[in-house]
Amino acid sequence: MSISTSRSDENYRLCALDRKLILATQGGLPLVPDPWGALGKELGLPADEVLARFQRMQDAGVIRRVAAVPDHYRLGYRFNGMTVWDVRDDAITDMGRQVGELPFVSHCYRRPRHLPYWNYNLFAMVHGTSREEVEDKASQIHELLGDTCQGHTILYSSAILKKTGLRLRKS
Amino acid sequence: MSAMTECPETTGEFTEVERTVINRLQTGLPLVHSPYKAVADELGISEQVLLHTLQNLLDRRILTRFGPMFHAGEMGGGLTLAAMRIPEQDFENVAAKVNEFDEVAHNYRREHELNMWFVVATEAPDDIARVIAGIESSTGYPVYNMPKEEEFHVHLHFPV
Chain A
386 MSISTSRSDE NYRLCALDRK LILATQGGLP LVPDPWGALG KELGLPADEV
436 LARFQRMQDA GVIRRVAAVP DHYRLGYRFN GMTVWDVRDD AITDMGRQVG
486 ELPFVSHCYR RPRHLPYWNY NLFAMVHGTS REEVEDKASQ IHELLGDTCQ
536 GHTILYSSAI LKKTGLRLRK S
Chain B
2 MSAMTECPET TGEFTEVERT VINRLQTGLP LVHSPYKAVA DELGISEQVL
52 LHTLQNLLDR RILTRFGPMF HAGEMGGGLT LAAMRIPEQD FENVAAKVNE
102 FDEVAHNYRR EHELNMWFVV ATEAPDDIAR VIAGIESSTG YPVYNMPKEE
152 EFHVHLHFPV
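Chains A and B, in that order, are what the protein sequence lines are.
386 is the number of the first residue of the first sequence in our numbering; add one for each residue after it.
2 is the number of the first residue of the second sequence in our numbering; add one for each residue after it.
Hints should not be assumed to be uniformly reliable.
Quick list of in silico lysine-lysine cross-link-like pairs, DSSO-like style, CA-CA up to 30 Å [stated by the list, open to error]:
id, chain 1, residue 1, chain 2, residue 2
1, A, LYS405, B, LYS149
2, A, LYS426, B, LYS38
3, B, LYS38, A, LYS548
Simulated from the structure, these hints should not be mistaken for laboratory data.
Produce the entire structure from the sequences given, and follow the hints as far as they go.
In structure tokens:
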């Protein structure tokens with residue numbers, strides 16, 4: 386996923402120029418030898434200032450990193466399993482941390498239940514090149530959770546319906 | 002952008018250069034002057050080969066994007082995961098309606114009674130409720146909102 390949630394208590398306030406830079410790059414960074422210069426030309430800023438603003442946004446955590454976002458299916462990770470667990474509320478923080486530390490878990494969150502359709506409160510995303518691989522990883526999570534877990538399932542994704550990353554509105 | 006992408010077959014082997022570029026560029030471009038040159042030097046290839054390979058991987062949609070990865074929470078915005086239960090005959094139609102919302106950053110079909118799962122990201126936290134209400138009224142189906150209550154780990158890297 387190309388976005389995530391807050392780690393710190395204080396939010397960085399985007400100024401108008403930062404926002405313009407985000408709007409100009411949310412579809413992608415220019416693939417030219419001097420991308421900062423190219424953006425600067427577009428926005429009427431020196432390349433140095435563009436670079437400094439990116440650095441500042443990255444230091445503040447507004448930008449996690451400037452990087453390639455793969456279509457994991459096309460990389461061969463065809464099995465994307467969202468493993469979900471019904472964990473005792475008094476154990477969830479501790480167990481969540483332990484599950485999150487497993488090297489093959491890419492995201493791990495506590496989320497609310499929606500009874501009666503949804504009684505799972507711990508989400509751990511696991512990717513694999515086969516269903517067996519995902520299931521093997523899920524059973525390692527199960528073992529770790531032990532009797533703090535009252536039920537679980539794996540939701541495999543069967544199609545990407547949309548994947549654009551976070552977009553600011555052009556208003 | 003909103004076109005349905007059926008789970009594609011793997012595209013087979015990547016060349017050594019492609020493999021190196023995919024692995025290296027998932028971890029972040031250095032914020033320096035001539036950043037592509039810096040990465041190319043590190044990988045022992047020319048800047049031109051790096052840029053060409055990157056463009057080609059994007060054109061083939063091996064990579065969905067190359068650019069800044071924003072952190073919605075840090076921007077003071079709202080972010081949530083939401084799910085819907087959509088009958089099969091309505092699925093495509095509802096997917097199209099949901100995807101029309103700019104705030105829907107990604108959307109996956111999943112094998113479960115709750116069969117549509119998407120992330121909503123907004124510039125202001127209060128906008129989440131507005132977008133969810135908008136999706137419910139546009140589609141006629143309830144949205145199950147599942148915002149994160151605790152984050153334990155985020156680490157996304159797919160070596161090839």
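Pairwise hint evaluation, A/LYS548 against B/LYS38, where the allowed Cα distance is 30 Å at most: 29 Å, holds
Satisfaction of hint between B/LYS38 and A/LYS426, Cα-Cα up to 30 Å: 20 Å, holds
Pair hint outcome, A/LYS405 versus B/LYS149 [Cα-Cα no greater than 30 Å]: Holds, at about 29 Å.
This entry satisfies every hint, going by the numbered hints stated previously.
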